[in-house]
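One letter stands for each residue in the lines below.
Protein chains: 2
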Amino acid sequence: MKNPLSAEILSVGTELLLGNTTNTDAKDISVYLSELGINVFYHTVVGDNPERLKSAVSIARNRADIIITTGGLGPTCDDLTKQVLASAFGLELIFHEELAEEMRRYFRETIGTNSMTENNLQQAYLPEGCTIFHNEWGTAPGCAFESDGVHVIMLPGPPRECNAMFKTCAEPYLRALSDDVIFSRNLHIVGRGESSVEQQLRPMMSELTNPTLAPYAKEGELMLRVTAKAKTAAEAEALTLPVVERLKAELGDVIYGIDAESLEQVVLERLKEGSMKLCTAESCTGGMIAKRITDLKGASEVFLGGAVTYSEESKIKVLGVDPSTIAAHGVVSIETAMEMAECARELFGADIALSTTGLAGPEGDGSHPVGTVFVALATESETYITQLSGGFGRSRVRNFASSCALDMARRYLEGLPVIVEYFKK
Amino acid sequence: MKNPLSAEILSVGTELLLGNTTNTDAKDISVYLSELGINVFYHTVVGDNPERLKSAVSIARNRADIIITTGGLGPTCDDLTKQVLASAFGLELIFHEELAEEMRRYFRETIGTNSMTENNLQQAYLPEGCTIFHNEWGTAPGCAFESDGVHVIMLPGPPRECNAMFKTCAEPYLRALSDDVIFSRNLHIVGRGESSVEQQLRPMMSELTNPTLAPYAKEGELMLRVTAKAKTAAEAEALTLPVVERLKAELGDVIYGIDAESLEQVVLERLKEGSMKLCTAESCTGGMIAKRITDLKGASEVFLGGAVTYSEESKIKVLGVDPSTIAAHGVVSIETAMEMAECARELFGADIALSTTGLAGPEGDGSHPVGTVFVALATESETYITQLSGGFGRSRVRNFASSCALDMARRYLEGLPVIVEYFKK
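Those protein sequence lines, which keep their order, are chains U and H.
Here the first sequence stands for residues 1 to 425, where the numbers follow the numbering used here.
Here the second sequence stands for residues 1 to 425, where the numbers follow the numbering used here.
For the record, the hints were derived by calculation from the structure and aren't laboratory data.
C-beta atoms are modelled at their ideal positions from N, C-alpha and C, and glycine is treated no differently.
It is possible that part of the hints are untrue.
What the hints assert, rightly or not - Within a straight-line C-alpha distance of at most 20 Å, the following computed SDA-like cross-link-like pairs (lysine to any residue) qualify:
#, chain 1, residue 1, chain 2, residue 2
1, U, LYS317, H, GLU301
2, U, LYS167, U, TRP137
3, U, LYS297, H, PRO362
4, U, LYS297, H, VAL370
5, H, LYS277, H, GLU382
As the list claims (entries may be wrong) - Far from chain H, by Cβ distances over 10 Å, these chain U residues were calculated:
#, residue
6, PRO4
7, GLY74
8, LYS248
9, GLY252
10, GLY330
As the list claims (entries may be wrong) - Interface residues of chain H toward chain U, partial, derived using beta-carbon atoms under 10 Å:
#, residue
11, THR44
12, ASN49
13, PRO75
14, GLU136
15, THR280
16, LYS315
Working from the sequences, and respecting the hints, build out all of it.
Right, dumping it as structure tokens:
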């Protein structure tokens, strides 16, 4: 067949249109298809309605080489995907005694009953001449067939079954159709905005075709994806290398990781590598840094704890900040932030301590604009301080301040300059 | 216009087709549309490709009364939703100096810089004659227009912006199109599972038609939505009243709020009403309770601070837990949890203190199963303790434990029995 192939994911289920469930099947299958080098150009969701499903199929077959349906293969009268698809492609549904037997066995062995209701047998009908996808995770089998130059793959809707059957049945079927392999690398960036990076990289993005380069903004961070296509995984990977090197040269150490899980995961790993212990003293971020670190497995190896000192008294009483520092400079100040980090480091007996104090909003303090946050990193020999300003509402100020703190730790642990201009904007 | 109206949600973004993000916008908007009595018959996802977007628009306008687009309104060259939609409906894009000025102000005030890149101004162009949807949560404005008998609504892609703008801008616009008024009440429940509540309420759900009753499970909580349709808001509201009363009688005080923003918001309000101050001492939840409370505006009025005592030493050194308590009973124990809460209450000078200690996993401690968490609430006169067991992975254990702690505070502040059986399962 022609390459690259294009696919449409056609999800069937009124529950999706009511917003009762999120279409994670389409997301998961999209990831798998992209790994297989198959372009996904459309997702369509349609309800349990034969007329509208039929119309969606007639649109899909005209614009895709592969139609992958999810849902509507079960035993109830709402489940009509097979009937509509078979009829659209002029195929009969054939009863498979072997599938009926599998179902009876499934009921006996897993549900422990012989009381399989008759409607379950509807699932043993599949389009004539199809490749049967046996379902080891539920009762509804899937299938694949080719008709009229279009490949149709039908998978059950429950995400566990859909994912498992894609991997074990649909993926081998699809691999046999295409020669290309896709490989991608994700570069993770914190501290620079999407539009400024995009402006800088625009010439490079338009010049590149294989690999391609695309930016994705996500919760105050930016991800750059470099995607290459080739005959083998090794070739595709080799194509990405020079682009990754160019990006590193272009952007430098604001790239906190390549194919990294998260900024906090990188910090956790650097702490482990250096056998260093971390603690926190948070005011305006209110526990967010501690939460992000302790979201991770293995946090207890590197994280000793933290103080959330939301009130002025708690900064003094819990952390031991000198009242005269606060009296002289205020709670939101360079001096208080630095002393919070230094006190926390002492209190918890940690190697490094992160602190935040600032105004997440919506109320200000009369002397600093909302969004002003001081972030400090105390180490054995030195205390670093960054002032953030501006922001986009309480949640983003907090999120950004916690990312800034984590990135200061990352930079320190990697031996980079701790303070960078990017954060000051 | 004819009723009921039908809508198609057209989400634009290559990241959706690559499976980098899940289409939660389509799900959320579907829920809102269903509350408005508008039928959703299709979701379509298309990439940042003008030809395919154009073709998707031409299909959608022939089968829907309302097209709601999400995504593709930003400043980068991939953002082409407005251009394609305007051209499909034969409308010019008009530059709005007022929007440009809003953007400049946004950059000055929130990012604290005059360095807004020129590409941002692309966002100030909107189709001629449209209703402008101002974006208070980001920079890209949305809009709505009617052309050729079809209503087009364009919303930005980031879920926070999309949701907020749907509620504040699109919903009033859509309400004006229909004669029926929809009114709904949400009952928020914590501590009971979806299937057990569903089983209990199934007869009631099948019996009801107007209002309807539907359950939605969400991050360890359950929401019951009662939705009525009538000619006026007052009539619709009146229809919901007896059902809400029946649900209250049926479920009792596990309902923590009606149309509540969140459990932590209810706790915050109860604390304010009682002029009470809260503090926390968190081990396995690692700052999550503090984070949830400080996510809220006005947290500083009621929250003094917290200790995240992840290590054994920090429980002793920071909180002042007696080492012999830990030696005798272990870190994960009723006694340690209670003492953590009592010590925190003293340390921060709070009226009530919440504590957690347990095993979020994946590693256990050899003596308790993963998922065991002790949650305590210390008050002036008494300390309450709940043991949680079981769990569904690290993130759910932590989330559930923090909800349980917050609900203990809520129950105490509302004068209800603090300890309930539900949590023990």
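Hints and how they fare:
no.	hint	verdict
1	LYS317/U to GLU301/H	holds (18 Å)
2	LYS167/U to TRP137/U	holds (12 Å)
3	LYS297/U to PRO362/H	holds (7 Å)
4	LYS297/U to VAL370/H	holds (13 Å)
5	LYS277/H to GLU382/H	holds (16 Å)
6	PRO4	holds (13 Å)
7	GLY74	holds (18 Å)
8	LYS248	holds (22 Å)
9	GLY252	holds (19 Å)
10	GLY330	holds (15 Å)
11	THR44	holds (6 Å)
12	ASN49	holds (8 Å)
13	PRO75	holds (5 Å)
14	GLU136	holds (8 Å)
15	THR280	holds (7 Å)
16	LYS315	holds (8 Å)
Violated hints for the displayed structure: none, as all numbered hints are satisfied.
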